[in-house]
Amino acid sequence: MRNGNSSLIPSMKANTLASLVYLFTAVFGILNGIWGFLALVTFVCAVVLIFIEKNSFVRRACVQVIFLHIVTFVSSLIFGILLGKLGFFRTVHWIVCTIVALFTLYCSYRAAMGNRSDIPFIGNIVDSVCSSLGI
Numbered sequence: 001m002r003n004g005n006s007s008l009i010p011s012m013k014a015n016t017l018a019s020l021v022y023l024f025t026a027v028f029g030i031l032n033g034i035w036g037f038l039a040l041v042t043f044v045c046a047v048v049l050i051f052i053e054k055n056s057f058v059r060r061a062c063v064q065v066i067f068l069h070i071v072t073f074v075s076s077l078i079f080g081i082l083l084g085k086l087g088f089f090r091t092v093h094w095i096v097c098t099i100v101a102l103f104t105l106y107c108s109y110r111a112a113m114g115n116r117s118d119i120p121f122i123g124n125i126v127d128s129v130c131s132s133l134g135i
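The letter at position 40 of the sequence shown is residue 40 when you use my numbering, and the numbering goes up by one with no holes.
Since the hints were derived computationally from the structure, they do not count as laboratory data. One or more hints might be untrue.
Simulated DEER-style distance windows between Cβ atoms [unchecked claim]: (1) G123 with F51: 19 to 29 Å; (2) P120 with L77: 18 to 28 Å; (3) L86 with N115: 37 to 47 Å; (4) L77 with M113: 27 to 37 Å; (5) T91 with D118: 44 to 54 Å; (6) K54 with G80: 31 to 41 Å; (7) G134 with L82: 32 to 42 Å; (8) V129 with Y109: 19 to 29 Å; (9) I78 with G134: 24 to 34 Å; (10) L86 with Y109: 32 to 42 Å; (11) S128 with V47: 31 to 41 Å; (12) G114 with V47: 30 to 40 Å; (13) T91 with F121: 37 to 47 Å; (14) T98 with N124: 29 to 39 Å.
Ideal Cβ placement from N, Cα and C applies to all residues, glycine included.
My request is simple: use the sequences and hints to build the entire structure.
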């Protein structure tokens with residue numbers, strides 16, 4: 001159902017909706033230091049879209065966005081505990097968040113073209129979660 005229309009917004013193509021999910025996540029991830037609550041908005045939207053949207057392409061994109069949020073959260077915990085006292089936390093965390101945002105922009109571009117994208121390290125996990133959820 002990759003090239004079909006979205007069931008949530010019938011006039012919108014599924015790849016456009018998936019691309020928007022990735023794009024908003026990247027933009028809010030970059031602006032996370034300024035508007036931290038916006039990252040929660042994209043996380044909640046991705047969770048809601050998994051249950052509302054019927055298109056498997058969009059649902060898989062939402063699962064990948066959720067895992068990107070988890071990776072960002074875990075990296076901030078790890079680097080906060082290990083490097084927080086040394087003062088390197090902000091630099092390392094900024095680098096990790098920038099890499100995640102760049103991967104998300106890449107996924108947004110690929111989704112806009114109608115192609116599925118796998119992010120290194122979490123692509124296999126996303127595939128197994130999607131297959132267990134029946135996506």
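So, going through the hints one by one against the coordinates:
Checked against the given bound of 19 to 29 Å, the beta carbons of G123 and F51, roughly 23 Å apart, stay inside it. Checked against the given bound of 18 to 28 Å, the beta carbons of P120 and L77, roughly 21 Å apart, stay inside it. The hint said 37 to 47 Å for the Cβ distance between L86 and N115, and at roughly 41 Å that hint holds. Between L77 and M113 the beta carbons are some 34 Å apart, a value that agrees with the proposed interval 27 to 37 Å.
The hint said 44 to 54 Å for the Cβ distance between T91 and D118, and at roughly 28 Å that hint is violated. Under the hint 31 to 41 Å, the C-beta atoms of K54 and G80, about 39 Å apart, fit the expected range. The beta-carbon spacing between G134 and L82, approximately 38 Å, falls within the hinted interval of 32 to 42 Å. Look at V129 against Y109: about 23 Å separates their beta carbons, and that is inside 19 to 29 Å.
Separation of I78 from G134 is about 32 Å and conforms to the stated range, judged on CB atoms against 24 to 34 Å. Range check, L86 to Y109: Cβ separation about 36 Å, and the 32 to 42 Å hint holds. For S128 and V47, the hinted distance range of 31 to 41 Å is not satisfied, since their beta carbons lie about 18 Å from each other. A hinted range of 30 to 40 Å is violated for the C-beta pair G114 and V47, which are about 24 Å apart.
For T91 and F121, the Cβ-Cβ distance of about 21 Å falls outside the hinted range of 37 to 47 Å, so the restraint is violated. Restraint check, T98 to N124: a C-beta distance of roughly 23 Å breaks the suggested window 29 to 39 Å.
In the structure shown, a violation is registered for the earlier hints numbered 5, 11, 12, 13, 14, in ascending order.
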